[in-house]
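Using the hints, position chain D against chain X.
Listed here are the chains, written in short residue letters.
Number of protein chains: 2
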Amino acid sequence: MERILCAEALRRGGAAVEVAGWVHRVRNLGGIVFIILRDSSGFIQLVSDAEFKLNLESVISARGKLSDNAKAPGGREIVLQEYEVLSEAEPNLPIAVNQDPELLGLETILDNRMISVRNPKLLSIFRLQAACIKAFGDFFRGEGFTEIKSSKIIGGGSEGGTNLFPIDYFGKTAYLAQSPQLYKQAMVASGLERVFEIGHAYRAEKHETPRHINEYVSLDIEMGFIDSEKPLMEIERDFMAYLFESIAKDNQSDLRAWNVTVPSPDSCARIPIITHEEARDIVKTETTTRAIDINPEAERILCDWADRERGIPMVFINEFPRRKRPFYTYPVGRKTMSFDLLFRGLEITTGGRRINDYSMLKDALAKFGMVESELGSYIDIFRYGCPPHGGFAIGLERITQKILNLANVKEATLFPRDRGRISP
Amino acid sequence: MERILCAEALRRGGAAVEVAGWVHRVRNLGGIVFIILRDSSGFIQLVSDAEFKLNLESVISARGKLSDNAKAPGGREIVLQEYEVLSEAEPNLPIAVNQDPELLGLETILDNRMISVRNPKLLSIFRLQAACIKAFGDFFRGEGFTEIKSSKIIGGGSEGGTNLFPIDYFGKTAYLAQSPQLYKQAMVASGLERVFEIGHAYRAEKHETPRHINEYVSLDIEMGFIDSEKPLMEIERDFMAYLFESIAKDNQSDLRAWNVTVPSPDSCARIPIITHEEARDIVKTETTTRAIDINPEAERILCDWADRERGIPMVFINEFPRRKRPFYTYPVGRKTMSFDLLFRGLEITTGGRRINDYSMLKDALAKFGMVESELGSYIDIFRYGCPPHGGFAIGLERITQKILNLANVKEATLFPRDRGRISP
Numbered sequence: 011m012e013r014i015l016c017a018e019a020l021r022r023g024g025a026a027v028e029v030a031g032w033v034h035r036v037r038n039l040g041g042i043v044f045i046i047l048r049d050s051s052g053f054i055q056l057v058s059d060a061e062f063k064l065n066l067e068s069v070i071s072a073r074g075k076l077s078d079n080a081k082a083p084g085g086r087e088i089v090l091q092e093y094e095v096l097s098e099a100e101p102n103l104p105i106a107v108n109q110d111p112e113l114l115g116l117e118t119i120l121d122n123r124m125i126s127v128r129n130p131k132l133l134s135i136f137r138l139q140a141a142c143i144k145a146f147g148d149f150f151r152g153e154g155f156t157e158i159k160s161s162k163i164i165g166g167g168s169e170g171g172t173n174l175f176p177i178d179y180f181g182k183t184a185y186l187a188q189s190p191q192l193y194k195q196a197m198v199a200s201g202l203e204r205v206f207e208i209g210h211a212y213r214a215e216k217h218e219t220p221r222h223i224n225e226y227v228s229l230d231i232e233m234g235f236i237d238s239e240k241p242l243m244e245i246e247r248d249f250m251a252y253l254f255e256s257i258a259k260d261n262q263s264d265l266r267a268w269n270v271t272v273p274s275p276d277s278c279a280r281i282p283i284i285t286h287e288e289a290r291d292i293v294k295t296e297t298t299t300r301a302i303d304i305n306p307e308a309e310r311i312l313c314d315w316a317d318r319e320r321g322i323p324m325v326f327i328n329e330f331p332r333r334k335r336p337f338y339t340y341p342v343g344r345k346t347m348s349f350d351l352l353f354r355g356l357e358i359t360t361g362g363r364r365i366n367d368y369s370m371l372k373d374a375l376a377k378f379g380m381v382e383s384e385l386g387s388y389i390d391i392f393r394y395g396c397p398p399h400g401g402f403a404i405g406l407e408r409i410t411q412k413i414l415n416l417a418n419v420k421e422a423t424l425f426p427r428d429r430g431r432i433s434p
Numbered sequence: 011m012e013r014i015l016c017a018e019a020l021r022r023g024g025a026a027v028e029v030a031g032w033v034h035r036v037r038n039l040g041g042i043v044f045i046i047l048r049d050s051s052g053f054i055q056l057v058s059d060a061e062f063k064l065n066l067e068s069v070i071s072a073r074g075k076l077s078d079n080a081k082a083p084g085g086r087e088i089v090l091q092e093y094e095v096l097s098e099a100e101p102n103l104p105i106a107v108n109q110d111p112e113l114l115g116l117e118t119i120l121d122n123r124m125i126s127v128r129n130p131k132l133l134s135i136f137r138l139q140a141a142c143i144k145a146f147g148d149f150f151r152g153e154g155f156t157e158i159k160s161s162k163i164i165g166g167g168s169e170g171g172t173n174l175f176p177i178d179y180f181g182k183t184a185y186l187a188q189s190p191q192l193y194k195q196a197m198v199a200s201g202l203e204r205v206f207e208i209g210h211a212y213r214a215e216k217h218e219t220p221r222h223i224n225e226y227v228s229l230d231i232e233m234g235f236i237d238s239e240k241p242l243m244e245i246e247r248d249f250m251a252y253l254f255e256s257i258a259k260d261n262q263s264d265l266r267a268w269n270v271t272v273p274s275p276d277s278c279a280r281i282p283i284i285t286h287e288e289a290r291d292i293v294k295t296e297t298t299t300r301a302i303d304i305n306p307e308a309e310r311i312l313c314d315w316a317d318r319e320r321g322i323p324m325v326f327i328n329e330f331p332r333r334k335r336p337f338y339t340y341p342v343g344r345k346t347m348s349f350d351l352l353f354r355g356l357e358i359t360t361g362g363r364r365i366n367d368y369s370m371l372k373d374a375l376a377k378f379g380m381v382e383s384e385l386g387s388y389i390d391i392f393r394y395g396c397p398p399h400g401g402f403a404i405g406l407e408r409i410t411q412k413i414l415n416l417a418n419v420k421e422a423t424l425f426p427r428d429r430g431r432i433s434p
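Protein sequences appear in the order of chains X and D. Mapping to this note's numbering: the first sequence position 223 is 233, numbers consecutive. Mapping to this note's numbering: the second sequence position 290 is 300, numbers consecutive.
If you're looking for bench data, these hints aren't it; they were derived computationally from the structure. Watch out, some of these pointers could steer you wrong.
Note: identical chains are not told apart, hence a pair may lie in one copy or across any two.
[Stated by the list, open to error] Quick list of in silico lysine to aspartate or glutamate cross-link-like pairs, EDC-like style, CA-CA up to 16 Å: (1) 372 to 100; (2) 182 to 428; (3) 75 to 28; (4) 144 to 78; (5) 334 to 287; (6) 131 to 110; (7) 216 to 178; (8) 182 to 215; (9) 131 to 112.
Chain X on its own, in the form it takes in the complex (with noise of 0.2 Å):
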């Protein structure tokens, strides 16, 4: 007999069949045997008048015959006819995987993550950012861009050269790319014009905060031909429709696992366009506290400003200052072509068009105190030929964070990287 998923035997008719997975649950009722069995698909409950011991997370398989019971998971159970243990687990596990996961906090679930993550609401997160991925190459892949995958090792940095890790290569010292970002400048000029990578991030950063980890799988796009931020914010807020549309249609029961629901695509059209000083206006207004930068609390502030103005709880923000973005930024006047995009209170994009002219490039790296020679053989990119540019990148982790409101970004990482950890 060949095994098939719980979810296709509670929807067969009263046959016998065959499934196989983790043992979820026991109840012993003296001489009745409950078990809640767990696959990938969902839970079936086995039932069984003989006397048998099951560990609890032991893989096995069971056939029998399935049977009604309203009762059950799912309308049915199977009357267990025989089971084979496939792999028994020790009796005594780390933690519980079949408790509501509030209960054992966040260090606990790392420091277990081997068997934290089979607890079905923790796993469900990682439903929901795998399909987060599919969504962003598919948009993309569908608006004519082109996936590349550039190096993480880099010999200095690309955004001014904090912040980095450094690695032994052969004796000599090379670095952790933080991003992707003079690589996708390079693939426009290459004549693909629209890229995008998924890949991960590194940053050197000693921040202990809900929001930050050390390694981050970064969503970056880059387009050419366009001469300012905004065929920027309209691509992404388009992008962001079809993710919701795609999760409120594929992932209903991992929204269901948080209690939460995604905003309606339609109402990304409503996503409001506020310049940083307007921003910064709106959260004056909005509280007493002086708002010196636009910091945490005040991306709380807008996005409930957005959410009670239009609907949304979303906000773009753009004309940023110069002082507060990398060099190569396209600059106009003492502000920028540049823009975040706010989601649920969490910064989740940063992007701009770039400086796609070398003498206005030379300009910027002596404003901010760099030297050509720096950027390496990257200044090519610039000296010979290269469209006007743009792109953004957004923060795998935090925008699966903001959908499931995790209150921390290390839930929605399957091994998070920060100060203290890197196991397991």
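Then chain D, alone, in the frame of chain X:
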């Protein structure tokens, strides 16, 4: 007027159009100037009787009327009315973009990657590579696999601890991951059952060969509830058929650029499966040199043999001896449930069933001179219920290389890293 791509302009009627792109070639025929303009969609000829000078690779936008010209690429040209230089290239390019890249040599191509990648033939490699990534994700998602993103910063080695690049991680030593091996196993055991990852892998090997790079993209899968390597070879065979079909459909111009074809999808059903012992016997029969091992020469011989016998230059080799495989490979006596896939003379995949039983794993660690503590909390995967499972990895650059018949895997890597190269 809105800019359209060259390919679209060629399809349009005699209307006025605006195009934009790179100046690929200029011919000045005494009073008439012909410009070949290049963009992401291809080429179009511009013609003008005005005097002007344009540097190669300058980015321009141009407006004019379409006119038939049988001698122009695509059978049409634009009679130039006006143009604007969006980004002027310096007059002396470091290398020629519009010539046969064979004239340049690999080192020159890589040293000047920022510009050499603009060569349409070289750029086609990365369009083809993007198609491989897409096909991999689409196929395995269709087979019920969930995409994961695991950390590339690890506390210790997952395959025995050699050939690792050390990172200075906030004053502690961490390493770049050689593979997502234990992470993907954990995610099979998480209940996802079937997972894939597209991510970088790092090997600090001092090889200087046409088949090695120190950073590569690994297309990894891992699946539960299998009890030998056979289902792995079957699903990889089906993937190869899907990949060849996709590429034949969508990437004809890239294949033409390199004058190659892909095997027919149907022929994948005929990929032979031979044991490691049989492979050695075939090599012995086919050559006079003694085959001590399946070395690069033997890999070429075996693919030639398969092509002659079955009409496809691919072969699965299974039942590798235990001493040739990592500790986690599932043993059967002195052999293992493992396999390689060779394609056009190169190993593009290594895979196999893994040990899922804790006590068998302890024995294996002892046999390989390792201790349990080296695995840290990864060992929990096996202590607390882990279904029988296995997986494999395809080297993205290698499969790209072999599809296009490139001499060196570095040609199929945008920004390759080898012992001497950490930039651009």
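Each hint tested on the structure:
no. : hint       : in the structure
1   : 372 to 100 : between (64 Å within a copy, 15 Å between copies)
2   : 182 to 428 : between (25 Å within a copy, 12 Å between copies)
3   : 75 to 28   : within (9 Å within a copy, 69 Å between copies)
4   : 144 to 78  : neither (37 Å within a copy, 43 Å between copies)
5   : 334 to 287 : within (13 Å within a copy, 64 Å between copies)
6   : 131 to 110 : within (8 Å within a copy, 56 Å between copies)
7   : 216 to 178 : between (21 Å within a copy, 14 Å between copies)
8   : 182 to 215 : between (23 Å within a copy, 15 Å between copies)
9   : 131 to 112 : within (10 Å within a copy, 55 Å between copies)
When each numbered hint is compared with the structure, a violation occurs for hint 4 only.
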